[in-house]
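Undergrad: Chain residues, written in single-letter form:
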Amino acid sequence: MAASAAFEAVVAATRFGYAARGDELSAIAADPRGWVTRQIDQPVQPAFPAALPPSQRMVAALLQMRRDKQPADRKAFNDQVRDVYFAELTARTDAVVSSPTPAIERLVHFWSNHFTVSGFRPFVRGFAFAFEREAIRPHVTGRFVDMLLAAERHPAMLLYLDNALSIGPDSIVGQRRDKGINENFGREMLELHTLGVDGGYTQADVIALARILTGWSVARLNDAEPGTFKFYPQIHEPGPKQLLGKVYAEAGEQEGIAALRDLANHPATAHHIAFKLAQHFIADAPPRAAVDQIAKVFRNTGGNLAAVSKAVVALEAAWSKPFGKMRTPGDMVTAACRAANFTPPAPFLAGGLRTLNQMPFYAPSPAGWPDDAASWVSPEAVLRRAGWCETFANRVPGPPDPIVLAGATLGEALPADTLQAIQRAPSRRAGVALLLAAPEFQRR
Amino acid sequence: MACCHSSRRQFLGLVAGGAGVFTLASLPGAVFAAVPGDLRFVVVLLRGALDGMAAVAPIGDPLYLEKRGAIALKPPGDSGGTIALDRFFALHPALGAVEPYYRSGELLFVHAAGNGYHTRSHFDAQDLMETGLTVKQGESDGWLNRAIVVLQGGDKARLGLAVGGAVPLILRGKAQVASWEPQGVGAIDNDLIAALGRIYARDPLLGPALAEGIKAQAFSSSVLGDDTMAKGGMGFGPKAFAALAQAAGKLIAAPRGPRIAALDMGGWDTHVNQGAETGRLAQNMEGFAAGLDALAKAMGPAWHQTVVVAVTEFGRTVAVNGNNGTDHGTASVVFVMGGAVKGGRVAGDWPGLAQLQDNRDLRMTTDARAVMKAVLRDHFGLARNVLDTKVFPDTAGIKPFDGLLRA
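As given, the protein sequences belong to chains A and B, one line each in that order. Numbers 0 to 443, taken from numbering that gives the first Met the number 0, label the letters of the first sequence in order. Numbers 0 to 406, taken from numbering that gives the first Met the number 0, label the letters of the second sequence in order.
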């Protein structure tokens, strides 16, 4: 095979997937770009084999616990949340380790970070993974507008960004109780999910969107389907609202849907999404031409995410500079599991990711995890990464021959000095640790 | 590795055996020796937007009760009420742990302080606060790193220290800084570190970070030992801050330690159920005040040579929102604390509550960069033109805040 194809196989497996596993590299080398685009063209596999509770059940359990206010119930609830978190983490990691379509798993993680919900607000913890399964996963190669609607209408998001409590001041309830709107959801939707901070909106637009979205909430225990999306007309701010120069006539729940459709189609949204994808797949400071090209495809296809993802794959910049991106800690852990074909027990995974400051669904803010090396490479963090690689290598069954594993994972991209260091390692486990901690594995 | 939990002597032995990877300049002795000064400076970044009117309440303002509504605080003297600072301002009761510093003249507040920009985006505002700019400029380094570059003048002796997690933007830039966070991964094998030292040498990011990390760990374990309260620092809530602050105090107080540190505290974005004397914000304040107190106590005599400044990216709305919380605002309050501070007062110009920024926010009357400039000028002796052009470019119009420190 041509050296370039062998090299591109490594790029495909690590940058678009997580890591090559087994003898994957030789198969990928036949057509590295096709290996990625074929994954995008397949229907997304819906869910994981494990029986995991839907968000509805966990949201209802939260509401029940809050209503009962019994200490024993609270403890039982917290135990349940912990068990669900561990089960979900195992299933999510397994999904990457065993997936024939790892590029899809990477896209799922990219988009759920874009639409962050975080256990920094503790009530979210029981259904954050379920949010990803229900609102993100089905749409990663579908239309952006559908993902936007699914994410913003999901109870996890409505609770996380406070909209479930936002009350129109002139609504029936607002007039009676002197309550008001909460700007948080509208602001973060404009800044983080759609237009981007430089997308040209004003404080008045933030308030207008917050008013439009009043009433979008979560069904309570005495409603028909507790724990699902529910529109409450009695807290919806009545009357027309003007957002980004357009007047939305009073239309209850539909007002928000219309506004989100317009936001999804806004050129600033196309640019914002294009930048984030280019930053994820090309470089921390991606070339402008790449961003423009992705944005163009986004606009021309009405936000068709399969076409948009393939536009990323088609960019030379995404293939030209190997290992230009530093893996985030979560990326490193997930990739190590796939490379070693091993999912460690959930408490080990969670504990390690916590020490590495990237416990899944615990991003410190609605902006999600940063996607640049400067945010992740500190002196202490680099030691911690090395330490994690060592403890993981000590758990990998076998352990595998590190030289064989290095060849299978890094192929043509394995430099002579890294190989030499692995060959000189005092034990198999030490060699595996060295491979995982090597610059070529820490980057993608 | 043994270095992380062993004596300096063992650590030096390891490095010497490291096959020439580590240059003389990276030996800990060379780095931490001969620190040019003993003056310390700590910047605390309160991320999420602290409600300055809740921390230091303008209870003497005739419009205070009316404008604050449900989250107005009780006057001093009432059970669980605020703590009088002067006739006009009162301290939130949850900040009681820092009251002694105010009484002893080691704490002052600069009220109605902002950062000179008008964005209400947390993320843009934090970037600007940390770069010291008012308009976004692609890639930028942090103003505290720029100050360190000037202070060390080519000498690597005066290291900055990032406490807790990644290096924040404020400390990113040309000057290498150390970082520390609680409860590391434990012992890492010496051979692995030595081998990584060799293959990381060609990596522009991992190479320098690993070298700094080894030095910092050797240093911090020699200063902190294994029995700090650092284990408490791994949590997510307000209680985690005290452990970080205590460790920061010990590290910068150490005879050959870094002299300038930055640490973060989050949890201030109180859109919902902010509360008044008790509640979410009060809990966060309690953790913050406990941290400042722990930092001061951890420093021992070095506290007398220390200035701590706590800033936030913007304040919060004066009025309560629909969820008994507050939304993003403009001006807040800056904490200036330390043995070198001429405190015991609330400084700054109070803009009043009659006229608000955009009819919703406390107006800014002091740019927090004036406070930072004053510390760099009066504590470290940086010249005005350096402050106006290098540390905070194009800010000749912002005068250092006079009289902040003891003469």
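Wrong hints could be hidden among the right ones.
[As the list claims (entries may be wrong)] Derived pair list, reagent style DSBU-like, types lysine-lysine, alpha-carbon separation capped at 30 Å:
id	chain 1	residue 1	chain 2	residue 2
1	B	K389	B	K341
2	A	K245	B	K135
3	B	K238	A	K74
4	B	K135	B	K341
5	A	K229	A	K68
6	B	K296	B	K389
7	B	K135	A	K295
8	B	K73	B	K341
9	B	K238	A	K68
10	B	K73	A	K68
Source of the hints: derived by calculation from the structure; they are not laboratory data.
Undergrad: With reference to the structure, classify each hint as holding or not holding.
TA: Evaluation of the provided hints:
1. B:K389 x B:K341: 27 Å, holds
2. A:K245 x B:K135: This hinted pair holds, its Cα atoms lying about 28 Å apart.
3. B:K238 x A:K74: 21 Å, holds
4. B:K135 x B:K341: The given pair, whose Cα atoms are some 34 Å apart, is violated under the 30 Å limit.
5. A:K229 x A:K68: Given that 30 Å is the threshold and the Cα spacing comes to 24 Å, the pair holds.
6. B:K296 x B:K389: 34 Å, violated
7. B:K135 x A:K295: 25 Å, holds
8. B:K73 x B:K341: 28 Å, holds
9. B:K238 x A:K68: Between K238 of chain B and K68 of chain A the Cα gap is close to 24 Å, so the pair holds against 30 Å.
10. B:K73 x A:K68: 29 Å, holds
When the structure is compared with the earlier hints, violations turn up for hints 4, 6 and for no others.
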